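There are 2 protein chains.
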Amino acid sequence: MADSAVQRLDEVLLVAESLFAQRGYEATSVRDIAEALGLQAGSLYAHIESKDDLLHQILSRAAERFFLATKPIVESDLVPVEKLRRLMLAHVQVITSDLNAAAVYSTEWRHLSEPRRGEFAARRDEYEGMVRCMVRDCIREGTFGDVDEKFATLLILSSMNWIYQWYKDDGPMTPEDIARKLTDMLFKGLRRPVG
Amino acid sequence: MADSAVQRLDEVLLVAESLFAQRGYEATSVRDIAEALGLQAGSLYAHIESKDDLLHQILSRAAERFFLATKPIVESDLVPVEKLRRLMLAHVQVITSDLNAAAVYSTEWRHLSEPRRGEFAARRDEYEGMVRCMVRDCIREGTFGDVDEKFATLLILSSMNWIYQWYKDDGPMTPEDIARKLTDMLFKGLRRPVG
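As given, the protein sequences belong to chains A and B, one line each in that order.
Reminder that position 43 of the first sequence reads as 43 in our numbering, one-by-one numbering, no gaps.
Reminder that position 121 of the second sequence reads as 1121 in our numbering, one-by-one numbering, no gaps.
Chain A on its own, in the form it takes in the complex (with noise of 0.2 Å):
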């Protein structure tokens, strides 16, 4: 594809983004996104297949930011509570960089065709088994209790996921503010310490 070509695919994709993101996959139409870019729908098809094409594209290029940020951590020789806590940082990095991304990524995916549908929810399940692996060294090492390692899985990652419902880019928490209170808050507990 040319550069111009690449670059006018960013622009469709994240128009696309912004406009599922807001009202819904369901109720955007490809005429939609056409006139919102100043096209005409026939001439949006150069550029895509279908809408689902669309909705396909936008969450591959979401999942890939999340396993892209987060593979050196997984590489590394760190321990595993630091890792875990690098890890949600970048998480929340990834999110607060693009909240448009992030709301399609949590709401619209079940609306994806299959077997694409299907196929996302595995790279979600991988990306998920990789947070609890993360878990589990921390369990096994020591570093947290015994606790239930799918639940704190899915508690860690739903207390990431939620934030673009109210992260603002001009608000007074930077995205490194929320991931350490998020780690501190979920690690150590909102009880007093004790002695």
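If you're looking for bench data, these hints aren't it; they were derived computationally from the structure.
Bear in mind that the values here come from a model prediction, so they are computed numbers and not experimental data.
Any given hint could turn out to be false.
Using C-beta positions, here's what the derived DEER-type ranges look like [claimed, not checked]:
{"no.": "1", "chain 1": "A", "residue 1": "Glu119", "chain 2": "B", "residue 2": "Glu1119", "range": "22 to 30 Å"}
{"no.": "2", "chain 1": "A", "residue 1": "Val30", "chain 2": "B", "residue 2": "Asp1010", "range": "32 to 40 Å"}
{"no.": "3", "chain 1": "A", "residue 1": "Val30", "chain 2": "B", "residue 2": "Leu1009", "range": "42 to 50 Å"}
Result set (EDC-like, lysine to aspartate or glutamate): computed pairs, CA atoms no more than 16 Å apart in a straight line [what the hints assert, rightly or not]:
{"no.": "4", "chain 1": "A", "residue 1": "Lys188", "chain 2": "B", "residue 2": "Asp1148"}
{"no.": "5", "chain 1": "B", "residue 1": "Lys1051", "chain 2": "B", "residue 2": "Glu1026"}
{"no.": "6", "chain 1": "A", "residue 1": "Lys188", "chain 2": "B", "residue 2": "Asp1184"}
{"no.": "7", "chain 1": "B", "residue 1": "Lys1181", "chain 2": "A", "residue 2": "Asp146"}
All residues carry an ideal CB built from backbone N, CA and C; glycine is no exception.
The hints should help you fit chain B onto chain A, whose structure is shown.
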């Protein structure tokens, strides 16, 4: 309203709730709801004023269920941390008793028309304020450490509000199990207790 009309309205709301939860509010038409009920769209308007009216009624009922379930706890003489623990149990019970309502409550309220949207947001803020007040009492009383009160409140609420995404009626965990695990993890933290 006669009993049969009330019963019919309940039925309409349940069907609308289920469609809004699955497809989203914007993608569901009054005709879809009528069809799912085996009615003509015209006959459905004997029960409702508009689609917005349906969403409003669904959200108002959902909000009332949260307030109704937690009111006796708020007004009780329990110590703050016990109040918060019981509120979380009641909240989880409300969510798991109607997953479609929880889904609509979490994601579709933004489609309400004004001034209903503003009123709904105010009611949500009121509920959040109630939880925040309990968190503040836990900090003041010294049960909780010196944590960010607002952030802790959002973490508690979000940790409960994602449950509708994975909870299964026939799954291994009861709402009571879920609430106990959540309060344990959030209050004590994941770290192994020292000493």
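Go through the numbered hints given earlier and state which of them the structure violates, listing their numbers in rising order. 1, 3
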